[in-house]
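S.K.: Take the given structure of chain A and dock chain B to it, following the hints.
Going down the list, the sequences are from chains A and B. Going by the working numbering, the first residue of the first sequence is number 1, and it counts up by one from there. Going by the working numbering, the first residue of the second sequence is number 1, and it counts up by one from there.
Wrong hints could be hidden among the right ones.
As the list claims (entries may be wrong) - Straight-line C-alpha distance at most 25 angstroms; calculated DMTMM-like pairs for lysine to aspartate or glutamate:
hint	chain 1	residue 1	chain 2	residue 2
1	A	239	A	75
2	A	94	B	23
3	A	94	B	185
4	A	94	B	103
5	A	94	B	4
6	A	94	B	166
7	A	94	B	165
To be verified - Here chain A is said to cover these stretches of chain B; the calculated rule only asks that three of the stretch's residues, wherever they fall, bring their Cβ under 8 angstroms from a Cβ of chain A:
hint	stretch
8	59-69
9	73-87
10	292-301
Hints are computed from structural coordinates only; laboratory data are not their basis. The beta carbon of each residue, even a glycine, is placed where N, CA and C say it ideally should be.
Here is how the chains run, residue by residue.
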Amino acid sequence: MTSDLAHFYQQMCVIRRLEETLLEMFSAGEINGTTHTCIGQEATAVGVISHLDAERDVIFSNHRCHGHYVAFTDDVEGLIAEVTGRATGTCGGKGGSQHLCRGNFYSNGIQGSIVPVATGIALAERERRSGAVTTVFIGDGTLGQGALYECLNMASLWRLPLWVVVENNHYAQSTPEELAVSGSIGARAAAFGIPTAQIETTDVEQIHATAGNAVERIRATGEPFFLVLDTYRFSPHSKGDDTRDPAEIEARRAFDPIGLIAARIAPDLRTQIEQSAARRVAEAREAALAAPVAGAVQA
Amino acid sequence: MRAERCVQALNGALHDAFERRDDVYLIGEDLLDPYGGAFKVSQGLSDRWPERVITTPISEASLFGVASGMALRGYRPVLEIMFGDFIALGFDQIVNGISKFREMYDDQVALPLVVRTPMGGRRGYGPTHSQSLEKLLMGVPNIRMVATSEYHDLRGLMRAAIDDDDPVFLIENKLMYGRPNRRPEAGYIDQLSVREGSGRYPAMTLSGNDFDEAAATIVTYGGMLPIVVDATTELIVEHELFCEIVVLGELLPLDVEPILDSISRTGALITAEEGTLTAGIGAEIAALVSEAAWGQLRHPVRRVAARDGVIPSAPSLEDVMLPGVGDVRDAVLGIHGAKL
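Excised from the complex, chain A in its bound form (with noise of 0.2 angstroms):
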């Protein structure tokens, strides 16, 4: 657990640099299938992940996972050979780019399906009385599906130490907020008896402080809570997707997550976060094109 800006600002940058990589690498014929990158969304991942511990709390990550993965187990290099196919990726190449498995993180594509599995994870440990935290990242997509109501109410009748965190972005792939959700979206985890909490903004140390409170209270009393981080992505949902307002993403910029806390450092630091984020992104890069491709036969 850390508060420090730096830290926070090498690891956004670490995620920035891997989703921007992934993108071009994309375009260079270098990785098959697909790919959701967090650009833009880095503050929400970094903001409550720093308050985790990997060898204890758990992390049940959606189709958006990068930024969750890096900020949690700092693996880019598994991430990266699993996107591009390599026998070295965190789930050997079978996982792929949203559905990856490394110690206490796990994600998978289906929106609706990870609340019911976080929640289960969540009762199995408080049974073992490991003192848990267990994170399940949804978005403002994710409000549609109905196991995630059932999911609150589970957790709340069973006081279980679940964190709910939405990152709300705004569009469930090409589909505003306003033709999905309907109310309010705080309410609906307050219907249940779920102490929520939801803030607008993207500065890190602000949401880094609101999520502290969050986590703080369900170590405390070991029940659920439900936080709502406003977001927003500048990549498209996957590639070359992108139907958004050109102005309107431009005019989101102003709050890059990124661009916010940058001047709060030191101009020496940051340049050396900055090279040293590009410089690991890139040779993560390398050592994954480099690396036999999943299920190759071994000579």
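M.R.: Below, chain B alone, put in the same frame as chain A:
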């Protein structure tokens, strides 16, 4: 010694499992005593282990996920789904979670969970509480499906399922619950000689003529067993035709060997299931046998199954819909028409 009823055997095996291991939990609806589950298989567990029996809201779509989450983290949950029909609510979790986690996470995890659920009609519960939906699970990789029957070692099947490191769907049957759990004595159940495999979920082969050459192999499972036994008895008495019955234990993955062994003595395959005909268990068995033993089949395969439709509530209509003794008998007579 009088045999215990099947519900008692299953219930006893659950009690044994709770005694034996503290990582076993029971999850499902209406489990708490004195109710003890809709079909009473779970009776007495919540009184003895209140902290390990979790009664739930009506939320099947999520309960399969709750069970798999517990299994991912080292527990052995047993999920009771009150009626087999309700597995339809859980199919996302079954197909995109339970079926996937171990393999797609590159064997970094195990999923030792058991889903117990009763299938079967003939109780007048109508279209949505009477189905036999095993065939929907047949196409799902990486799960086991085990069919209980009144001749199987039910305590052994439950124990093996709970100890299994892979997800097991343990298919029970509503009419079976109240019947005695018959076991072979000196190799016989009534006049039928019995051979039982040695695996965890063995198939059983029954013969009316001590495994001499016979008219047909009838492959069945679960609640169809007593119907098939009645049909073969009638065929012996009325038509002097002896059949072998293969009572499957593990439906998925399906071990074709006991079927092939029987066909080597009969040359004829008939499948009998209570689910609807199209794309059923019988179709899969027919394909497996055709691939492995085409040359041994002397007759076309016949499938006995329910009509492709709904199971009506009215008993007179339900009888027409579901396969009965006459359907099994006629399938055998159909391939041995000369002896009619």
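S.K.: Can you list which hints this structure breaks, lowest number first?
M.R.: 2, 3, 5, 10
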